[in-house]
Amino acid sequence: DQQVKQNSPSLSVQEGRISILNCDYTNSMFDYFLWYKKYPAEGPTFLISISSIKDKNEDGRFTVFLNKSAKHLSLHIVPSQPGDSAVYFCAASSGGYNKLIFGAGTRLAVHP
Amino acid sequence: GAVVSQHPSWVICKSGTSVKIECRSLDFQATTMFWYRQFPKQSLMLMATSNEGSKATYEQGVEKDKFLINHASLTLSTLTVTSAHPEDSSFYICSARAEKLFFGSGTQLSVL
Numbered sequence: 001d002q003q004v005k006q007n008s009p010s011l012s013v014q015e016g017r018i019s020i021l022n023c024d025y026t027n028s029m030f031d032y033f034l035w036y037k038k039y040p041a042e043g044p045t046f047l048i049s050i051s052s053i054k055d056k057n058e059d060g061r062f063t064v065f066l067n068k069s070a071k072h073l074s075l076h077i078v079p080s081q082p083g084d085s086a087v088y089f090c091a092a093s094s095g096g097y098n099k100l101i102f103g104a105g106t107r108l109a110v111h112p
Numbered sequence: 113g114a115v116v117s118q119h120p121s122w123v124i125c126k127s128g129t130s131v132k133i134e135c136r137s138l139d140f141q142a143t144t145m146f147w148y149r150q151f152p153k154q155s156l157m158l159m160a161t162s163n164e165g166s167k168a169t170y171e172q173g174v175e176k177d178k179f180l181i182n183h184a185s186l187t188l189s190t191l192t193v194t195s196a197h198p199e200d201s202s203f204y205i206c207s208a209r210a211e212k213l214f215f216g217s218g219t220q221l222s223v224l
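Protein chains in written order, with the numbering used here: chain A, 1 to 112; chain B, 113 to 224.
Keep in mind the hints are simulated off the structure, nothing from the lab. Values in this document were obtained by computation on a predicted structure and should not be read as measured data. You can take every hint at face value.
Capping the alpha-carbon separation at 20 Å, the derived lysine-lysine pairs in PhoX-like fashion look like this:
hint: 1; chain 1: A; residue 1: 99; chain 2: B; residue 2: 212
hint: 2; chain 1: A; residue 1: 99; chain 2: A; residue 2: 5
hint: 3; chain 1: B; residue 1: 176; chain 2: A; residue 2: 99
hint: 4; chain 1: B; residue 1: 178; chain 2: B; residue 2: 167
hint: 5; chain 1: A; residue 1: 5; chain 2: B; residue 2: 153
hint: 6; chain 1: B; residue 1: 178; chain 2: B; residue 2: 126
hint: 7; chain 1: A; residue 1: 68; chain 2: A; residue 2: 5
hint: 8; chain 1: A; residue 1: 54; chain 2: B; residue 2: 212
One chain only, chain A, in its complex shape (with noise of 0.2 Å):
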């Protein structure tokens, strides 16, 4: 039973445009949502986070917003850029980072 789905295996978006890459859960517990970026033979690396108090985090060309009724949230990313092309995992917790959950990830690809 995946309780962190990303529906997408992959997006391909033009450079300068907007990615926006999503993801559902189904535990209602969760309150800690999480993206990770992956480049191949690499560790992911965190890029935004967001808590169920809030429904929109932003840090630079990053912004995650989360739908509590739907339990969905979504990363955008704006102006794309080729050096963001890579593997996107979203990971949500309840309780800050103790046993993250993964979804199978989405390969986001930006072409010129």
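Starting from the known structure of chain A, arrange chain B on it as the hints suggest.
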């Protein structure tokens, strides 16, 4: 940011042998480290939580006698895959918690 070093980055071994993977927090002390594994095109699955000075906590379905975890110091946790079989072939990633959760670069294990 904090650095987590994982070694080796890849290993090939014969079926029936044991493989040790090291995870080090280089510039911070980590009382808790986490071990994940990832099969191709799937999400990172938490295997166990490694606690310095005490026994690891294993997730349901993970054999503690097969995946031995030792967290003998505040900067080092090791995962030993004992009597490895081809189905143990996977990408193993450790993480350690500082102010955020930082990941190692992962170990690709291939069991022949």
